[in-house]
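Trainee: Based on the sequences and whatever the hints tell you, model everything.
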Amino acid sequence: MTGAEGRWLRFFVLLLVTGGLVLPILTGLWETGRAAFGILPAIGAETWSLAPWQRLFTLPGIGSSLKLSLWTGLASTLLALLLATGFCAAIHGWSGQRHVSRILGPLLAAPHAALAIGIAFLIAPSGWIARMISPWATGWNLPPNIATVNDQMGLALVLGLLVKEVPFLLLVMLGALGQIPVNAQLAAGRALGYGRGVVWIKVILPQVYPLIRLPVFVVLSFALSVVDMAIILGPSNPPVLSVAVTRWYFAADTSLILPASAAALAQAFVVAFGILLWICAEQVAARAGRWWIRRGGRGYSAGPGLILASGATLILMGLGASALIDLAIWSVTWRWSFPSALPEGWSSGIWARPGSGWGSAFIQTTVIGLTTTAIAVLLAIAWLEGEDRAGMQRARWAEVLIYLPLLVPQIAFLYGLNVVFLRAGLTGGLGAVIWAQALFVFPYVMIALSDPWRALDRRLVCASAALGAGPMRRLVAVKLPILLRPLLTAAAIGFAVSVAQYLPTLFMGAGRVATLTTEAVTLSSGSDRRVTGVYAVLQAVLPLGTYVAALFLPAFVHRNRRGLSGGAA
Amino acid sequence: MRLAVLAAAILAAASPVMATNWNDTLAAAKGQTVYWNAWGGDERTNSFIAWASDALSARYGVTIQQVKLTDTAEAVTRVIAEKAAGVTENGSVDMIWINGANFLSMKQQGLLFGPFVADLPNARYLDLASGSAATVDFTVPVEGYESPWRLAKFVMTYDSARVSEPPRSMRALLKWAQQHPGRFTHPAVSNFMGATFLKQALIELAPDASVLQSPVTDEAFAAATGPLWQWYDALRPNLWHSGETFPENASIQEQMLNDGEIDIAMSFDPASTAAAIEKGLLPGTARAYGLEGGTIGNISFVAIPFNAAHKEGAMVVANFLLDPATQARAQDITVLGSYSVLDQDKLGPQERAEFAALPTSPALPTNEELGVTLVEPHPSWMTRLTDVWAQRYTK
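One line per chain: the protein sequences are A and B, in this order. Heads up: the first sequence runs through residues 1 to 569, numbered per our numbering. Heads up: the second sequence runs through residues 1001 to 1395, numbered per our numbering.
If you are wondering where the hints come from, they were derived from the structure by calculation, not from laboratory data. Warning: the hint list may mix true and false statements.
[Claimed, not checked] To give an idea of the interface, some chain A residues facing chain B are shown, with a C-beta separation under 10 Å as derived from the structure:
(1) GLY38
(2) GLY127
(3) THR138
(4) ASN141
(5) GLN179
(6) PRO235
(7) SER236
(8) ARG290
(9) VAL332
(10) TRP334
(11) ALA341
(12) GLY359
(13) VAL419
(14) LEU506
(15) SER527
(16) ARG530
Idealized CB from N, CA, C, for every residue including glycine.
Mentor: Structure (structure tokens):
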């Protein structure tokens, strides 16, 4: 009976996910593809041709843009993985480990754009760091002429990505470690004479990596196609490919839309190529690793590496925190000129005037975020419950289906999707934005919820079934209350993802839906850091608020349930 | 009261068709919300638009919803996407702050509603004689498809605390940059401000600047730009960050002037420096100045897309922007500080007095310091100039 019902539920959810999430992406890709091969009747292009591709490869800087994208994407992902692994190895078993994911909260919650704006001010030649050490230590009365932001190599962009990606991978990794008997294996390894770091690399990592492989691909895909952060921190002449594509889409010369569409497809190929390269590197690393493990060396040499990785991770977190602080300072500044370490004049003028724009953007963002998150969480619960009732493991293809929106670069299908939505008469409204954002929120909610859901103690479900509770009652009265903490955490992550969405809001909202993120990126092209600061602070505070709620609400609800209040789930 | 009725009667007698049409327009516009797509990087402009919305809703029941753009071309792309999807009415864009290449591109592809300017009652304050500044946009005839609203003129800005005597020509600028390497830059050439800087230099350095008024040809381009590239090759290594990267736009460049990363910047708005000081965004010692031989000036317009949902409301807004009282408020440096597009000769004494009473500031250049206004080259020059620049200087 439950089996049949489970199948029905699974079918329904699959239909919803396919029709609501996968189909839009495929049709979007199709429309982009048509434009890439010369079909866009609106500008009079009606014949199939390779001309857009030919034009694309004559556009100045295209080669450098491609190289830059690959370099910044691969370098930041590899570094992020190394740092997260090293830090994980260093702190595992330490009593404060449980608090780490809480400390990560603000950095995970702060949208890329806000962090990027903060980091840009922090490390610029006239930035906060330079101001704090000038002129007494450096002798600079004027900022030095060195490119620390928007540098040609894209190092500032790599740094910005690291600040965001290391905490994400850390969180995923800490979650995955819960599924492995780390302490027992560590003890066994040490008893055999291996150093702590070496056990980590030789024993734990090969088991953890397969569990975090898809999130690593998500990080890689994101780093290869990021737009907002690359606009703020990356080089401008030429920029990385994703920024170049966005620029061409919005160029005055409308015939550029065709090569822009070709470039958008090329962006998808870049991601595919990047992932392929990564998989090849995995193979090589696996071979080399196997040989190295079989050799059986007991070397202690991993120790300094761990210290280095932990140090770098702490510095990154410090940078991220300072970036958020400098935004907060700017938002209450009147004048702050080089080389003063703090503003000369303060003003809360912008905070006092929500009518100047941030009030409505704040409300808009909250409404979109709550709706999108609610949809995504409900869908995720339905999916997971369907798996439970059918008593089935998740198929590989289903996993890929969930991750699809995160693996295909946004720019590759958003323009096409916009055309599809327009044809259906859907654009310009909140509805279109909510739908488009749900594409990206749902996967993250699934990632956050899947493991805790599977880790639920089955005996509780069996006991309640034995007591006569039907499937619905088991879900509502037993599973969901127990899973309250992970549910709220998943919702908080979903909300943060929604707040951070830039391109989907820009494309689908026809510019009419102004959220904190679209406003902050627009304002970062203006000269007033004080206004940008207000938006960026709000952008960071809003998701942070939901994180805090996710932390304290379960404790409050379960205050008289000892077994549930200690973070048991 | 009687006088007003009399005036209305005379006006009605003078152009009976227009008056009734305009009343129809006003009636249809009542209750409409006009989605005005305008670059949103300037807080003063955003507040001015918000003020206009309040005034309009009180007077005509029309409200403005500003759609803040990072780049005007976003709105153009949106209209094209709508046309691609067959949305020929009830489009999402009602009005665009536009000029130059974006206008040319929309006009050529039939994406604009019009001609409508002659139907606006306040168009009587404009100099619409053929070839006047309000009838051509980057040498492209406007033909009533866009309505003027603010004047822009290229100026250089500097901090007088750090630079005592700023260079007043492009050749002098090169010498100054060679003496002060890394202390000057221009916005990215993909941005209109960066492109305008190149055009300004082109007008000054071209052997014969008159060819710039006709569409570009290969020979004319080669002949006119030869000295420009020679000059730029010498300038570029002395730019901020050796000319390898550029600020995204003029606002970011203003921030760099404020931060002390550079000493000389530029603007397309002579009053922007005074206004920025007022807002705490530049030190009180910042100044704006024009170049010997004059600088490029142009008029910014508003246009209505062919599929706009609220065309009548948009026309009411366009008309309101041409009202002498609105224009005087826009010229106030404490508000917006953008120079009026109206023909001063067509204003009555009371309206002229309103302009004369506006506040002033030491950072506000006098007409003498600003010099003559040079006309924009044909848009094809700008497109070619930015393309060739990108080919030459993008690795």
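Trainee: Hints first: check each against the structure and report whether it holds.
Mentor: Taking the hints in turn, this is what the structure says about them:
no.: 1; hint: GLY38; in the structure: violated, 13 Å
no.: 2; hint: GLY127; in the structure: holds, 9 Å
no.: 3; hint: THR138; in the structure: violated, 14 Å
no.: 4; hint: ASN141; in the structure: holds, 8 Å
no.: 5; hint: GLN179; in the structure: violated, 44 Å
no.: 6; hint: PRO235; in the structure: holds, 6 Å
no.: 7; hint: SER236; in the structure: holds, 5 Å
no.: 8; hint: ARG290; in the structure: violated, 42 Å
no.: 9; hint: VAL332; in the structure: violated, 13 Å
no.: 10; hint: TRP334; in the structure: holds, 5 Å
no.: 11; hint: ALA341; in the structure: violated, 14 Å
no.: 12; hint: GLY359; in the structure: violated, 12 Å
no.: 13; hint: VAL419; in the structure: holds, 5 Å
no.: 14; hint: LEU506; in the structure: holds, 8 Å
no.: 15; hint: SER527; in the structure: holds, 4 Å
no.: 16; hint: ARG530; in the structure: holds, 8 Å
Violated hints for the displayed structure, listed by number in ascending order: 1, 3, 5, 8, 9, 11, 12.
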